[in-house]
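One line per chain: the protein sequences are A and B, in this order.
Residue 88 in this note's numbering sits at position 88 of the first sequence, with consecutive numbering throughout.
Throughout, this note's numbering is defined as the position within the second sequence, counted from one, plus 1000.
To be clear, the hints were calculated from the coordinates, so they are not data collected in a lab.
Do not rely on the hints blindly, as some may be mistaken.
[Claimed, not checked] What follows is a set of in silico ranges between Cβ atoms, one per label pair, in the way DEER data are often shown:
#: 1; chain 1: B; residue 1: PHE1299; chain 2: A; residue 2: PHE16; range: 28 to 36 Å
#: 2; chain 1: A; residue 1: ALA148; chain 2: B; residue 2: ILE1018; range: 41 to 49 Å
#: 3; chain 1: B; residue 1: PHE1299; chain 2: A; residue 2: LYS11; range: 33 to 41 Å
#: 4; chain 1: B; residue 1: THR1298; chain 2: A; residue 2: GLY27; range: 23 to 31 Å
#: 5; chain 1: B; residue 1: PHE1344; chain 2: A; residue 2: LYS11; range: 28 to 36 Å
#: 6; chain 1: B; residue 1: ASN1141; chain 2: A; residue 2: ILE33; range: 19 to 27 Å
#: 7; chain 1: B; residue 1: GLY1047; chain 2: A; residue 2: ILE33; range: 22 to 30 Å
#: 8; chain 1: A; residue 1: ILE33; chain 2: B; residue 2: ILE1018; range: 24 to 32 Å
#: 9; chain 1: A; residue 1: ASP4; chain 2: B; residue 2: PRO1312; range: 29 to 37 Å
#: 10; chain 1: B; residue 1: THR1075; chain 2: A; residue 2: GLY152; range: 42 to 50 Å
#: 11; chain 1: A; residue 1: ILE139; chain 2: B; residue 2: GLU1065; range: 33 to 41 Å
#: 12; chain 1: B; residue 1: LEU1055; chain 2: A; residue 2: ASP4; range: 58 to 66 Å
#: 13; chain 1: A; residue 1: ILE43; chain 2: B; residue 2: ILE1157; range: 22 to 30 Å
#: 14; chain 1: A; residue 1: GLU47; chain 2: B; residue 2: GLY1009; range: 44 to 52 Å
[Said to hold, decoys possible] If you want a taste of the chain A side facing chain B, the calculated C-beta under 8 Å gives, among others:
#: 15; residue: GLY28
#: 16; residue: THR29
#: 17; residue: THR32
#: 18; residue: ILE33
#: 19; residue: THR171
#: 20; residue: VAL174
Cβ atoms here follow ideal geometry from the backbone N, Cα and C, with glycine treated the same way.
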Amino acid sequence: MLTDRAKVVVKKEMNFWERIYLPAILGGTLITIKHLFKRKTTIKFPEVKREISAVWRGQHVLKRDEHGAERCTACGLCAVACPAEAITMTAAERKKGEENLYREEKYAAVYEINMLRCIFCGLCEEACPKEAIFLTDRIESTDYSRQAFIFGKDKLVEPVDKRIDVTKRQTSEVLEFKKNKQLSHNR
Amino acid sequence: MIAFLTYKGILVLIIFTITLAVAAYSTYAERKVAAFLQDRIGPDRAGPFGLLQPLADGAKFFFKEEIIPNVSNKTLFILGPSIAMLTALMTGVVVPWGNELVIGGNTYLLQIADLDVGILYVFGVVSIGVYGIMIGGWASNNKFSLLGAIRASAQMISYEIAMGLAIIALILMTGTLSLREMSLQQMGGVGAHWNFWNVVYQPLGFLIFLVCAFAECNRTPFDLPECETELVGGYHTEYSSMKLGLYLFAEYINMFISSAVISTLYFGGFNFPFMNDLGLSANWITVIGTAFFFAKITFFIFFFMWIRWTIPRFRYDQLMNLGWRGMIPLAIFNIVLSGLISLFVHR
């Protein structure tokens, strides 16, 4: 015997009170009536949102740098890291005069995440060398068509004037991990 | 004659409306009670507290696609839910919803028909109700429906026997078959001219009647005729749109009428405690009595739902075992006991 939790089953005859069910049913009704007055666990979703953890992995954001230029350089490491193969992108070269729009010479002309494929593991965030993609504590909205769940840059890139705070996910452990990442740009 | 017909017509109309309204709001109550017993909130989107939910459900039933299977017997397929609904509505005729009102020298009885054989009429109509389910299940030409129908008919016939035997003991005691007479005999309750309700004299009979009422209404733990886990939907598997609605509605009306009959037979009907001490006029007593009667009915409807979310469904052999080897001998014992007591104690 590996544990001491094993219980010997006693198959005894039920006595009279057990056989007529009624005391057991009465006990059951008392239990259920108690639940009538208990606090309800329902959260009325669209009006009331569930409190979620600060490190919640929700809808992604493509960050801009402090000047408002997109950080993503379309290296494709997130797409490679993605176990669900949810990320696709098309790279393009930055033209003259677009320096305020894109940080590096190369940028993602198209960047799409299929939210139905995504498993919200956060490996894209971990893989990103440019600190461009982050998962946020926002809950993904619902929709009626599959097409609407393929999020493009219009939904992913944060607006210049409405930055999305990702510092909550940047716990000290995460920052330590990022410092030690053996990538050329971190050295 | 015209006045008599108008008064009865209006009464029929009122009771018809109340029955439908109660049945509609029983569906709402069922979902709310289920939710509350499971620590949820239940429907709360349609109107304040979801109070318009039954209307939304009704509208949904009417707009759903109506499917009549090609292989079914169309006449019987339509007849099934009609019978179920008709018989469910017919039982309300003999229930004494209140005592009498005296307006302008005329006496108005708050009961559509005070039949001498009231309780037998209820039993007769209820046993026709089985045909609604049986015909519907058979006409569907579907094995699940047929199995559900067979179960329903076997169950209802089995439990009708015990139910009838439980009533016999009560009839021995009260000496009448009229539901109004039985209510009047229980006049009083606690207070001046005190009197016990029949449940005190017939606890065993009440218990048997209650269990059989659950079985007759196809409510959990005896809801084997529809039994989603085994039989898809039981006898109404092939039904859609308002025909399904009628079946479900009939079930709730049956529940309402059962609650009314239980209240009348065992819980004093329209009588309430201290009714002789209030010093009110007879008309007021009647009105309050009717309100009390509906309160009792509401409690029993709640009780039906309460039990539904407390105990799981019986297995088929357990159901038959309980019916034939539990309830029927117990009911016969109850008759003998009541007979002996009324013989020697002379109540």
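| task | Could you check the hint for me, namely that PHE1344/B and LYS11/A are 28 to 36 Å apart, CB to CB? | result | violated (44 Å)
| Okay, ASN1141/B versus ILE33/A on CB: inside 19 to 27 Å? | Violated, since ASN1141/B and ILE33/A (Cβ atoms, about 43 Å apart) do not stay within the stated range.
| message | Taking 42 to 50 Å as the stated bounds, is the beta-carbon spacing between THR1075/B and GLY152/A within them? | response | Taking Cβ atoms as reference, THR1075/B and GLY152/A lie about 59 Å apart, which means the hint is violated.
| request: Mind checking the CB of GLY28/A against every CB in chain B and telling me if the closest is under 8 Å? | output: holds (4 Å)
| So the hint says 22 to 30 Å: do the beta-carbon atoms of ILE43/A and ILE1157/B match that? | violated (47 Å)
| task | With respect to the beta-carbon atoms only, verify the hint that ALA148/A and ILE1018/B lie 41 to 49 Å apart. | result | holds (48 Å)
| Does the hinted range 24 to 32 Å hold for ILE33/A and ILE1018/B at CB? | holds (27 Å)
| Taking 8 Å as the limit, does the beta-carbon of THR29/A come near enough to a beta-carbon in chain B? | The hint holds - THR29/A has a Cβ within 8 Å of chain B, the shortest such distance being about 5 Å.
| field | Residue hint VAL174/A, partner chain B, criterion CB-CB below 8 Å | value | Since the shortest Cβ distance to chain B is 37 Å, the answer is violated.
| said: Range first: 33 to 41 Å. Now tell me if the beta carbons of ILE139/A and GLU1065/B are that far apart. | reply: Holds: the Cβ-Cβ distance is about 35 Å, inside 33 to 41 Å.
| request: Mind checking the hinted window 33 to 41 Å against the Cβ distance between PHE1299/B and LYS11/A? | output: The hint (33 to 41 Å, Cβ to Cβ) holds, given that PHE1299/B and LYS11/A are roughly 40 Å apart.
| field | PHE1299/B versus PHE16/A beta-carbon gap, inside 28 to 36 Å or not | value | Holds, at about 30 Å.
Going down the numbered hints, you'll see the structure goes against 5, 6, 10, 13, 19, 20, while the others check out.
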